[in-house]
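Sequence order for the protein chains is L and G.
Start counting the first sequence at 1; every next residue gets the next number (full-length UniProt numbering).
Start counting the second sequence at 1; every next residue gets the next number (full-length UniProt numbering).
It is possible that some hints are incorrect.
Copies of the same chain look alike in the list, so a pair counts if it fits in one copy or across any two.
Lysine-lysine pairs mimicking DSS-like chemistry, simulated, CA-CA at most 25 Å apart [said to hold, decoys possible]:
#1 K146 <-> K52
#2 K146 <-> K46
#3 K42 <-> K117
#4 K126 <-> K24
#5 K84 <-> K51
#6 K61 <-> K43
#7 K42 <-> K75
#8 K146 <-> K51
#9 K46 <-> K84
#10 K61 <-> K13
#11 K46 <-> K61
#12 K10 <-> K52
#13 K126 <-> K84
Since the hints were derived computationally from the structure, they do not count as laboratory data.
Number of protein chains: 2
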Amino acid sequence: MELLDETDLKLLKILHENSSYTTKELAQMVNLSPSPVFERVKKLEKNGYIKKYIAILDAEKLNQGFAVFTNIKLKQHDRSIGHKFVEDIMNIEEVIECYNISGDYDFLLKVIVRDMKHYQDFVFNKLGSVKSIGSTHSMFVMSEIKNSYGAGVPLN
Amino acid sequence: MELLDETDLKLLKILHENSSYTTKELAQMVNLSPSPVFERVKKLEKNGYIKKYIAILDAEKLNQGFAVFTNIKLKQHDRSIGHKFVEDIMNIEEVIECYNISGDYDFLLKVIVRDMKHYQDFVFNKLGSVKSIGSTHSMFVMSEIKNSYGAGVPLN
DNA sequence: ACCTCAAACAGAATATAATTCTATGGAACT
DNA sequence: AGTTCCATAGAATTATATTCTGTTTGAGGT
């Protein structure tokens with residue numbers, strides 16, 4: 001795909017914040033008729049600029065209101081140890097996000113559980129059984145100030 | 001709203017991972033006909049279990065592939081200083097997420113920019129102009145291992 | 001055990017939006 | 001100026017969302 005123009009970026013920005021608009025509504029927002037807007041959105045999907053559409057749930061209402069960022073240091077830094085760690089992490093549903101990071105620790109996890117009691121349980125039973133882990137450090141989320149759920153769109 | 005049953009949770013889980021299914025498809029997945037599924041989803045939206053629907057974009061393709069977690073310590077801990085900090089952060093588009101956390105630092109930011117050069121620019125110009133900030137510490141994301149974009153659904 | 005009521009359901013009917021198609025207009029190029 | 005290409009508007013069509021109706025199921029009460 002060539003380059004995205006102003007309208008494409010505007011559409012991405014809108015859809016990233018709320019994808020429930022009808023094509024007609026989108027058309028009005030970018031001052032076009034529905035058909036070119038439809039084609040543009042399909043092209044953005046086809047070319048991977050839009051990966052997928054998802055529903056954002058209310059964690060509190062689902063009794064999943066307790067978020068923790070957990071730093072992880074591995075015991076050793078073999079390729080196989082790292083690979084095993086990743087594999088284990090993928091299967092733990094409380095781990096919502098996982099990043100390989102620079103610095104004092106090797107990984108940063110975002111964990112979501114019901115409450116502190118469940119976090120304790122998570123650390124002992126779930127992380128406790130991941131043998132590649134050397135040490136951990138927890139940062140508890142006291143409140144979520146801002147969340148735009150992913151990449152922003154540069155308006156250049 | 002009373003309590004969510006098995007089917008509601010299943011619908012939430014499906015929609016959280018991919019909200020592009022038609023009502024008919026959802027119906028097949030949960031072994032019901034389209035109308036009750038439609039009503040259930042509408043109820044989940046109306047009662048706030050589903051907050052909204054969004055498009056997930058490809059940060060790499062949008063030249064926004066460089067993620068950093070930035071720890072922030074405030075100069076002081078007045079209510080007014082904290083409030084001002086939050087206000088400033090809300091207006092910085094590179095800051096995708098912001099949490100008030102426990103521990104050595106006061107806040108954790110997730111920042112997304114084009115590359116290291118732009119991060120440097122972000123730190124000097126954007127964070128640099130937020131006067132309430134005392135010190136910062138950056139954890140660079142070398143790779144994203146896992147991301148499920150928000151709350152998981154407990155399958156209890 | 002029977003009755004009553006309310007809720008959830010399947011299936012049909014309708015409304016609305018998505019998607020496709022066709023023809024037009026303008027910009028770039030020759 | 002003529003030609004080609006591409007994005008567009010608007011109409012036509014198709015698919016889906018949404019509403020409606022009648023039926024079934026299950027809980028609570030007698």
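Hints violated by the structure (numbers, ascending): 3, 4, 5, 7, 9
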